[in-house]
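**Q** Sequence:
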Amino acid sequence: MSESAAAPAESLSRPSSLTGVAVSPGRASGPVVRVAEPIGEPASTPAPDDPAAEAARIEPAARAVAARLEALAEAATGEAATILVTTAAMAADPALAAQAQQLVTARNLPAARAVYQAAEGFADALAAAGGYMAERVRDVRDVRDRIVAELLGVAPPGVPELASPSVLVARDLAPADTAGLDPAKVLALVTEEGGPTSHTAILARALGIPAVVAVRGLLASDAEALSVDGDTGVVEAVDPSAPIVTAAAAGPAEWNGVGELSDGHRVKVYGNVGSPADAQAAADAGAEGVGLFRTEFCYLDAPAEPSVEEQRKAYAAVLSPFRGKPVIVRTLDAGADKPLAFLSPEDEPNPALGVRGLRIAFDRPEVLDRQLRAIAGAAEDSGAEVSVMAPMVGTVEEAAWFAERVRAAGIARAGVMIEIPAAAVLAREILGVVDFVSVGTNDLAQYTFAADRQLGAVAKLNDPWQPGLLRLLKLIGDAAEATGKPAGVCGEAAADPRLALVLAGLGLTSLSMNAPAIRAVGASLSTVSREQAREIAEAALATVDPVSARKAVADALS
Numbered sequence: 000m001s002e003s004a005a006a007p008a009e010s011l012s013r014p015s016s017l018t019g020v021a022v023s024p025g026r027a028s029g030p031v032v033r034v035a036e037p038i039g040e041p042a043s044t045p046a047p048d049d050p051a052a053e054a055a056r057i058e059p060a061a062r063a064v065a066a067r068l069e070a071l072a073e074a075a076t077g078e079a080a081t082i083l084v085t086t087a088a089m090a091a092d093p094a095l096a097a098q099a100q101q102l103v104t105a106r107n108l109p110a111a112r113a114v115y116q117a118a119e120g121f122a123d124a125l126a127a128a129g130g131y132m133a134e135r136v137r138d139v140r141d142v143r144d145r146i147v148a149e150l151l152g153v154a155p156p157g158v159p160e161l162a163s164p165s166v167l168v169a170r171d172l173a174p175a176d177t178a179g180l181d182p183a184k185v186l187a188l189v190t191e192e193g194g195p196t197s198h199t200a201i202l203a204r205a206l207g208i209p210a211v212v213a214v215r216g217l218l219a220s221d222a223e224a225l226s227v228d229g230d231t232g233v234v235e236a237v238d239p240s241a242p243i244v245t246a247a248a249a250g251p252a253e254w255n256g257v258g259e260l261s262d263g264h265r266v267k268v269y270g271n272v273g274s275p276a277d278a279q280a281a282a283d284a285g286a287e288g289v290g291l292f293r294t295e296f297c298y299l300d301a302p303a304e305p306s307v308e309e310q311r312k313a314y315a316a317v318l319s320p321f322r323g324k325p326v327i328v329r330t331l332d333a334g335a336d337k338p339l340a341f342l343s344p345e346d347e348p349n350p351a352l353g354v355r356g357l358r359i360a361f362d363r364p365e366v367l368d369r370q371l372r373a374i375a376g377a378a379e380d381s382g383a384e385v386s387v388m389a390p391m392v393g394t395v396e397e398a399a400w401f402a403e404r405v406r407a408a409g410i411a412r413a414g415v416m417i418e419i420p421a422a423a424v425l426a427r428e429i430l431g432v433v434d435f436v437s438v439g440t441n442d443l444a445q446y447t448f449a450a451d452r453q454l455g456a457v458a459k460l461n462d463p464w465q466p467g468l469l470r471l472l473k474l475i476g477d478a479a480e481a482t483g484k485p486a487g488v489c490g491e492a493a494a495d496p497r498l499a500l501v502l503a504g505l506g507l508t509s510l511s512m513n514a515p516a517i518r519a520v521g522a523s524l525s526t527v528s529r530e531q532a533r534e535i536a537e538a539a540l541a542t543v544d545p546v547s548a549r550k551a552v553a554d555a556l557s
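Numbering-wise, the sequence shown is residues 0 to 557 according to numbering that gives the first Met the number 0.
One should not assume that every hint holds.
Claimed, not checked - Per label pair, the in silico range of CB-to-CB distance:
#	residue 1	residue 2	range
1	Glu-119	Leu-352	22 to 30 Å
2	Gly-467	Ala-411	30 to 38 Å
3	Ala-316	Ala-124	21 to 29 Å
4	Pro-242	Ala-301	40 to 48 Å
5	Glu-58	Asn-107	16 to 24 Å
6	Ala-63	Gly-483	55 to 63 Å
Unchecked claim - Here are the computed lysine to any residue pairs in the SDA-like style, where the Cα-Cα straight-line distance is at most 25 Å:
#	residue 1	residue 2
7	Lys-484	Gly-409
8	Lys-312	Ser-274
9	Lys-184	Lys-312
Quick caveat, the hints were computed from the structure, so don't treat them as lab data. Source: prediction; values computed, not measured. Each residue gets a CB set at the ideal place from its N, CA and C atoms; glycine is no exception.
Make a model of the complete structure from these sequences and hints.
**A** Here is the structure:
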């Protein structure tokens, strides 16, 4: 009889503790408040007596949901406000309403059922896209549930009103729910699903709320009170009568705006951006530049390939807050896994391992060349110091091919993303033909552990503290030191202030993250010298699992 690939779910009362993926530091304990499950699938009957009138109900319901989300956004700040605005825009998307209205009139479905089916179509397309786009599936389903609730006249899903400080327990949390949390009343977050790159993780760190995700068996627990350790990922049942313990995340809060260790060794602190709003948020947070500019926003809603001038204008809007500062632009990360009509993608049995990223340019080099011309023009318009990198590079030959086209376009610095384990192994040779590399830790972990980063059941394998991943990162850091060329990290691993010390000790020369994490990471780096960072990294490398790695680093720091 073979062993199961995943441990069976355990109740917190048998035994009294479970572990998940620690995504936001600090420790807290207190009474549990459970978030209600999302609204179920609406019935497809009875058929409406007047399909036209039924279809007409959809747009006002969507507008009402969008208006409530916009009101929440006005009261929020930073990343929370950005996420709420984005979610509101999804609710108001005319394409969603139009698709649902068509289902009502063509198939005689009730409005709630039609919205549900239309949204699932959008969610399926995003899930098939993988990567950053697949992370938006939760957002779409949250909007779906809110509009369905509006149509059914029932309370919308979300976090209940908290009468006193509590530990929130949920299957998962929608970004809009997380963005609206009050840190004074939420002691900690614990979810059964989700992963280290989810919006729940990003926002929990921004709000300073300890959080653990992907806790298998959590919902089977009948615990009335929990202790949550956002540093180790341990969640334990405690006596409900025990005093409440408030969050106590360690780490300095001040940062002078220069990414460097205590002895002056530079580890630059950059922002990850994908829109003009993202860029402004990163600049406001003190980012020294941009380590990852995702250009997909310019293509995703376009029925045809945007012209060079259209791209140039769109890119310049993102680059402008960083005049005179370094910005690394990633070329189009699309292909069969992110279908774009003008690319005429073919169906693939496994799109995540198919023709995506740079691989599409081998058959359609003119698309890459036009994008490079647009980037060069935007750099000239904005005054930013632009470098360009390609996604999904697996060989030295591919890296050299890309670098040649970048330089032919008049862009001085060419680099590549390291997301494929083979590229990590060949990092020294790849750095021989490009000017820099940047590690996408989210995809590198996914491909290293053969674990879909959107699947909660394998989220622990995508934990950026996995020693197997850290050892690959050391190969890259060693290659950077040997060649004298930069090697950065632009995955969510860079957003963890304590893991940032490990990355610096492994030899990575820059860290790039979403805006809310910038100041905390910059402050954390300033607390150790280069030699101390190396000792911390060695302590993590010597372990065999993420929990031990976190503990080893905590012990080294103490």
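**Q** Are there hints from earlier that the structure breaks, and if so, what are their numbers?
**A** Of the numbered hints given earlier, those the structure breaks are 4, 9, listed in rising order.
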